[in-house]
Structure formats: structure tokens, C-alpha cells
Amino acid sequence: MQHTCRLKLNSLFQILLQPFYKKTLTGKADFAAAGISITEERTQQFLFTPAYHKITEQVIYRSGKKRPKKASDLLNGILEIVNGTSHAETLKQLQKNTPQLQWQTNEALNTDGLLYLVNERLIDYTIADSNQMTLIRRFYPKLNIAFNIAPPMALA
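Each number in the working numbering corresponds to the 1-based position in the sequence shown with 1 added.
What the hints contain is simulated information worked out from the structure, not anything from laboratory work.
The structure displayed is predicted, hence computed values, not measured ones.
Where a beta carbon is used, it is the ideal one built from N, C-alpha and C, also for glycine.
Hints are not guaranteed to be accurate.
Stated by the list, open to error - The list that follows gives simulated cross-link-like pairs (lysine-lysine, DSS-like), each with its CA atoms no further than 30 Å apart:
#1 143 x 70
#2 66 x 55
#3 55 x 71
#4 97 x 55
#5 67 x 97
#6 55 x 93
#7 67 x 93
#8 55 x 29
#9 143 x 66
#10 93 x 143
#11 29 x 66
#12 93 x 71
#13 55 x 143
#14 70 x 97
#15 29 x 9
#16 97 x 71
Stated by the list, open to error - Just the calculated beta-carbon pair ranges, DEER-fashion:
#17 46 x 77: 15 to 25 Å
#18 51 x 143: 29 to 39 Å
#19 103 x 64: 43 to 53 Å
Based on the provided sequences and hints, a complete structural model is requested.
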């Protein structure tokens, strides 16, 4: 005896993370495939599948500028990150030891957009995951990794 179950699936494609989080948390989406890092804060809001990859969050700068080596070296430039990423959580942890550390969040651009801004010298620094940097580096050869700002973390 064979049973058939038909389900209606509505798919939604989001480029920015904030709308993705909102739809999932408000019940407008039952599940999501996002490739996001598993953080302590996120595990309190979402159930994750097993991790499929490890990444490292990295500070990115453009060649021709002095390479920052630690969080305090970022104080003399513009640091901008994507709104809703784990990067803000990481920066808040760094800020405990470097209270003057400040950054701007961008609600309109994703990481690729911020890497473009660094390449064009419109901002000094951004944070990108190591897997993103590996992919985009061929398009922006003047972008460099300054340092890792957190230990490796899992992606799901």
C-alpha cells in the first residue's frame, strides 16, 4: 500500500539577512537554507542542521594602506559591516577589550557590496567570512586579509 502526500511549497529568495531572519522568526517561513554561521545567539532562535563547513571571520583592507594587525588598529578608519551578520556579535566581544572600537552597519549592501566599497577606497575595512573572501579575491586582487577576528566557526 502506497501513500502520497502533497505539500504546497512557496519558495522565497532573500539576498539580505535581516528579511530572512524576520520571516523565519515570525513564522512566514518554516525553514531556510542560508549558509550562515552558527553562533550562540542564533542557536537560541533557530534550529540548525549539522554543520557542513568551517569559516573564519576576517578583517579586510585594501593594499596601499597600512595593514591592521589587531582591533585597536581599526580605530583610525571606517569599519562597516553587513547588518544582521554574526560579525556584529564578534565585534561586540572585541569591544570589551577595545571600548573605543566603533563600526557602522549597512542595511542595503551584502558582503560583496562592502568588499567593493573597500576596493574603491570608500571605506577602510569590512569583515568577510573566509569562504567569501576566497571566492571574491580574484575579482578584487587589491583586497587583503588583515587578521582573523574570531576562532573558526561552523556553517549550516
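Results for each hint:
1. 143 x 70: Roughly 17 Å between the alpha carbons, so the hint for residue 143 and residue 70 holds.
2. 66 x 55: Measuring from Cα to Cα gives roughly 29 Å; hence the hint holds.
3. 55 x 71: It holds: about 22 Å lies between the C-alpha atoms, which stays within 30 Å.
4. 97 x 55: OK: residue 97 and residue 55 at ~25 Å, within 30 Å.
5. 67 x 97: Since the Cα atoms of residue 67 and residue 97 sit roughly 24 Å apart, the hinted pair holds (cutoff 30 Å).
6. 55 x 93: With Cα atoms ~21 Å apart, residue 55 and residue 93 stay inside 30 Å; holds.
7. 67 x 93: holds, 24 Å
8. 55 x 29: holds, 29 Å
9. 143 x 66: Holds, because 10 Å separates the two Cα atoms, which is no more than 30 Å.
10. 93 x 143: Holds - the C-alpha atoms of residue 143 and residue 93 are around 28 Å apart, at most 30 Å.
11. 29 x 66: Cα-Cα ~45 Å, so violated.
12. 93 x 71: Since the Cα atoms of residue 93 and residue 71 sit roughly 15 Å apart, the hinted pair holds (cutoff 30 Å).
13. 55 x 143: Cα-Cα ~25 Å, so holds.
14. 70 x 97: Judged against 30 Å, a Cα distance of about 18 Å means the pair holds.
15. 29 x 9: Distance of about 14 Å is within 30 Å: holds.
16. 97 x 71: Roughly 14 Å separates the two Cα atoms, so the pair holds.
17. 46 x 77: 15 to 25 Å: Cβ of residue 46 to Cβ of residue 77: about 35 Å, so the range 15 to 25 Å is violated.
18. 51 x 143: 29 to 39 Å: Holds: the Cβ-Cβ distance is about 37 Å, inside 29 to 39 Å.
19. 103 x 64: 43 to 53 Å: Once the Cβ atoms are compared, 24 Å apart, the range 43 to 53 Å for residue 64 and residue 103 is violated.
In summary, the numbered hints that this structure violates are 11, 17, 19.
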